[in-house]
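Work the whole structure out from these sequences, hints included.
Protein chains in written order, with our numbering: chain D, 1 to 487; chain L, 488 to 741; chain F, 742 to 1169.
Mixed in with the good hints, there may be bad ones.
Below, computed lysine-lysine pairings styled on DSS-like, alpha-carbon distance capped at 30 Å [stated by the list, open to error]:
#1 Lys431/D x Lys1095/F
#2 Lys352/D x Lys1095/F
#3 Lys63/D x Lys784/F
#4 Lys117/D x Lys585/L
#5 Lys327/D x Lys352/D
#6 Lys151/D x Lys204/D
#7 Lys327/D x Lys358/D
#8 Lys63/D x Lys327/D
#9 Lys611/L x Lys679/L
#10 Lys65/D x Lys47/D
#11 Lys204/D x Lys177/D
#12 Lys117/D x Lys611/L
#13 Lys173/D x Lys47/D
#14 Lys352/D x Lys784/F
#15 Lys65/D x Lys173/D
#16 Lys352/D x Lys65/D
#17 Lys784/F x Lys65/D
#18 Lys1095/F x Lys585/L
#19 Lys784/F x Lys327/D
#20 Lys735/L x Lys719/L
#21 Lys585/L x Lys431/D
#22 Lys177/D x Lys151/D
#23 Lys794/F x Lys352/D
#24 Lys585/L x Lys614/L
#25 Lys177/D x Lys358/D
#26 Lys784/F x Lys177/D
#27 Lys675/L x Lys585/L
#28 Lys151/D x Lys173/D
#29 Lys177/D x Lys352/D
Hints are computed from structural coordinates only; laboratory data are not their basis.
Next come the chains, spelled out residue by residue.
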Amino acid sequence: MPDDPNTTLDQWAERSDYKWGFVTDIDADTLPPGLNEEVIRVISARKQEPEWLLQWRLGAYAKWKEMTEPAWGNWPDHDWRPIDYQAISYYSAPKRDEDRPKSLDEVDPKLLETYEKLGIPLEERAALAGVAVDAVFDSVSVATTFRDTLKEAGVIFCSFSEAVQDYPELVQKYLGKVVSRTDNFFAALNAAVFTDGSFAYIPKGVRCPMELSTYFRINQMNTGQFERTLIVADEGSYVSYLEGCTAPQRDENQLHAAVVELIAMEDAEIKYSTIQNWYPGDENGVGGIYNFVTKRGLCAGDRSHVSWTQVETGSAMTWKYPSCILKGDDSVGEFYSVALTNNYQQADTGTKMIHLGKRTRSNVVSKGISAGRGHNTYRGLVKILSGAEHARNYTQCDSMLMGPDCGAHTFPVIEVENPTSQVEHEASTSKIGEDQIFYCNQRGISNEDAVSMIVNGFCREVFAELPMEFAVEAKALLSVSLEDSVG
Amino acid sequence: MSLLEIKNLHACVDGVEILRGINLTINPGEVHSIMGSNGSGKSTLARVLAGDEAYEITEGTATLNGVDLLDMAPDVRGREGLFLAFQYPVEIPGVSTKYFLRTAVNAVREHRGLDELDAFGFLKLVKEKAAWVQLDPALLDRPVNEGFSGGEKKRAEVFQMAMLEPIMAILDETDSGLDIDALRIVAKGVNKLRNPDRGFLVITHYQRLLDYIVPDVVHVLLDGRIVRTGDKELALELEEKGYGWIEKITSTSA
Amino acid sequence: MCTDAIETCPLCDAIEKLSERSMSAQRREACHRMHAIGWPNRKLEAWRYCNLKDIESTQWHPAPLAALSQADLDDFAIDGTAARLVFVNGRFDPTHSSLLPEGVRLLGPLIDETPLDVETPFADDYFAAMSTALVEDGVIIDVPAGVVLPGSIHIMHITEGGCDPIAMTLRILIHVGPSARLGVIETWAGHGTALTTPMTEAHLDEDARLDHARLIEESDETTHLGTIASRQAAGSTFESAILSVGGRIARTRVHASLDGEGGHAAIRGLGMGTDSRHIDNALNVMHASPACTSREYFKNLLDGDSTAAFTGRIHVAHGAQQTDAVQANRNLLLSPTARSWARPQLEIYADDVKCTHGATTGEIEAEALFYLLARGIPEATARSLLAWAFVAEVVDEVPLPALRKHMARRMLGMLPGAERLDEDVVSM
Chain D
1 MPDDPNTTLD QWAERSDYKW GFVTDIDADT LPPGLNEEVI RVISARKQEP
51 EWLLQWRLGA YAKWKEMTEP AWGNWPDHDW RPIDYQAISY YSAPKRDEDR
101 PKSLDEVDPK LLETYEKLGI PLEERAALAG VAVDAVFDSV SVATTFRDTL
151 KEAGVIFCSF SEAVQDYPEL VQKYLGKVVS RTDNFFAALN AAVFTDGSFA
201 YIPKGVRCPM ELSTYFRINQ MNTGQFERTL IVADEGSYVS YLEGCTAPQR
251 DENQLHAAVV ELIAMEDAEI KYSTIQNWYP GDENGVGGIY NFVTKRGLCA
301 GDRSHVSWTQ VETGSAMTWK YPSCILKGDD SVGEFYSVAL TNNYQQADTG
351 TKMIHLGKRT RSNVVSKGIS AGRGHNTYRG LVKILSGAEH ARNYTQCDSM
401 LMGPDCGAHT FPVIEVENPT SQVEHEASTS KIGEDQIFYC NQRGISNEDA
451 VSMIVNGFCR EVFAELPMEF AVEAKALLSV SLEDSVG
Chain L
488 MSLLEIKNLH ACVDGVEILR GINLTINPGE VHSIMGSNGS GKSTLARVLA
538 GDEAYEITEG TATLNGVDLL DMAPDVRGRE GLFLAFQYPV EIPGVSTKYF
588 LRTAVNAVRE HRGLDELDAF GFLKLVKEKA AWVQLDPALL DRPVNEGFSG
638 GEKKRAEVFQ MAMLEPIMAI LDETDSGLDI DALRIVAKGV NKLRNPDRGF
688 LVITHYQRLL DYIVPDVVHV LLDGRIVRTG DKELALELEE KGYGWIEKIT
738 STSA
Chain F
742 MCTDAIETCP LCDAIEKLSE RSMSAQRREA CHRMHAIGWP NRKLEAWRYC
792 NLKDIESTQW HPAPLAALSQ ADLDDFAIDG TAARLVFVNG RFDPTHSSLL
842 PEGVRLLGPL IDETPLDVET PFADDYFAAM STALVEDGVI IDVPAGVVLP
892 GSIHIMHITE GGCDPIAMTL RILIHVGPSA RLGVIETWAG HGTALTTPMT
942 EAHLDEDARL DHARLIEESD ETTHLGTIAS RQAAGSTFES AILSVGGRIA
992 RTRVHASLDG EGGHAAIRGL GMGTDSRHID NALNVMHASP ACTSREYFKN
1042 LLDGDSTAAF TGRIHVAHGA QQTDAVQANR NLLLSPTARS WARPQLEIYA
1092 DDVKCTHGAT TGEIEAEALF YLLARGIPEA TARSLLAWAF VAEVVDEVPL
1142 PALRKHMARR MLGMLPGAER LDEDVVSM
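Next comes the structure, spelled out in structure tokens:
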């Protein structure tokens, strides 16, 4: 039964027979379901957050209560399962080791088989499957090595919670500057209840010595369903950030509403790559995660550069538009996307490129693959404001359809207010040609391999933007995701 | 045992019978040529043997090394060593020729119980075979057949044949669209592949190619039937007298 | 059906008073629907770029009878058509019209017994409803099976405005029988503060062909909010051109439904934006059957403070295999204050389809300009020539020869700096 949002925490705690200790009882596992101001106070208190952050959360919550869940997505083949916001537990401490599988022997063999197919290194499989890390290898030492290297370069990279404690002035300066706490329904919810995430700061002139990934991959488990990431690249710096991994991620939570904010100062470059493979539901469309994410990058300085690359194969429903605000003159925004939907999956994704500065450039390449009863929607906005002299945009939006019951939809919006700009949008649809399959067959290649090869070829321009090892995994992931969808 | 044996093969497309009783036997080491005018069924025969599902086989048999060919899926035929050099090779965007070919080579090798070729071994082989047909190896980094000129496509087909080492190779009008120099290069590549175990079926409209790939047997195809079989002299005679001559003598004998 | 509220509707009263007869139930119902829908605002997706704010409070009056001026007739007549039907302020003007060709009737006398809105999917459209409420006259064209009407029928509507803001419309109902062929050109012209809401409904039987054009050359005080609906049986061809060179707002909403196998629809648009004109085209092409082809080519040349919006949706229904659909929107901005918005959309529920869309916006291409300059052509002339080339591509494709010639001259007259171009450019 959903709780009355007006219940105070005391009443609530009493009713649920639960004794709270705000700060001391930090090990308590999970807050009972429900959302109200007191829950937000508890989250903030547990994380020992400064007052301004609590107020920031509460402000977001107040606004969220007045907002309504958006209803404009294009979900032709999906029974919307209403989200009961009072049925979600908004705080859950990391699982303790004794609750986890002790070794790989205790892990679902089907999951391990998938890891095998994806070519995930042996030592990482255990960590991904949630095996208590200490039982496998000493992750702390690995993490420490990475930290030392980063520290030497002056790069700050830590969990969001740590950043709030250790670098409060940086967090306060940039939090909510790109995605305001009231930007949209899900961003407001995230601002109110986010539990953790990542923070990175690259100082002036520093080229981050490693992809911010490997460390993250092992340690990102249990960051929760309301993740918040903030990356600031100061003048002349460079960072490449990798989020997610190809391993299927199972999660009991229905809703994931993350927020990612990127800020690039003068001459700085941020490259943000995502592989999203959350549980998509079964072949009948039952279950699966709703992945509603707000991602936005601000090219604040002249000649700054923000690049989004995403490979989306998971989730029952995806709703995300990684965007760029091109404020600095000569700044560059990029969006490269592969979205694959199979069975009953629905993806509504794309980007917004807002050109404010002179000679700003943006490039959009979107590849949608629909199979089964999957639907893929590209939704995009390219806006050239009147001051954006000589701005350029090129958008290419290709869809591949596999089977008579899937769908591919393209809804771009192009708004041009400056005549010196040049905007080009192209979209096409295709299917895999029977002659192409026959040609491959003739050379001894099986149907399944031929399809996977052709689909990977279709996505080539996007994969080229991924870091090498990520690209290899992404290719394997597409093949695995398409299994059983080709005859 | 014969390598390829076709008996009374009939095939239709969209209800129209194109092949009307083909009988053909090719032994190991032999090069056969099939000549015929446009629409005689030459390319249909090639595609039917390779397993194109657009064609319906209504009667007859075909075996490769004594095994029923018509029962195999197209990719199994490929792995069993049947190779078709396409008349119009299809383009596959985004898939590099190298990657495509490595997948094919390893599929065939696996089928033959051989180890997978590693990247090094593969590239070594590529270099060697590309030289046979003077194919610029830079082409192999491009998507399959995309942006290839007509001549490059045909040379790439013969190059793929060299890479896959089939036991029975069918060349479907590989000479069409080639100038004389390119024709010599392609023929040289094919001749290098001739050996006592391998059979060839060279489909062509013109006798010209047969100056360079000298056939053991020449067949003339008309309206879906082989109406005449002879040695290479038949090709020369046909060149001289034209396809009308064949039509005339077959209609009078019929 | 009519409610009490409608019985006392002031608009209905005004219409009845003016026409001196009572309105039919379907028109009253339309008036009711119009009120129920309400005046559109820009929060609605369909009206996002079309600003109707400054005419929202305008009190529109049903247009009174008026006499046609000879100057207007001369200005807007098109040479070389087979028949000319002239309407002034929404009513037929027999003195300036030719005899009605066979198969052509006036809607006016038949208005009460002719079912309207049969083909139209515009139930949610305020101005479509207004059009049905206001309609007093129009044309019914019925081409029997196999008949090919020579030349084209020119339907000219001229607004002769006075002091009051007036609203008027025409309904054109077209039925082209199996394997029959017809050409229809509509002209919308005139002056005065006016609101015109024309609606054309076309039904094409198997293998029929309709070549249609709507030419909007109204004055800058006129707001033009029109609709076109077509329904096509197997193997039929519908070609339509929407030429927006006048009006304060020139908006056309098109719904083309390809219901039978192997149908073909080609809809072209050309907009010339000067001053603060807003050109707005909203298209919906429905591929309901397999093996149909559709083409949408829309170009806008925008000068001054003009704006253009293009919304085009291609909908491929489940099972509509072998669909071949192409959609393109090109905008050429000639001034720093011109604006363009494009929303090309694909919605596809079948896999064996070929659909592409493209949209470009920019100024005159520097490379092309340089090429002409390098050949010694003065810059101003070169710019005009390139602007001409941009629009000529659409004009050349209009399948109605009489209109093509008329349009070429009209465009040439409007093109900035066109006086530098030789008239010969038209024929070359």
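Violated hints - listed by number, lowest first:
none
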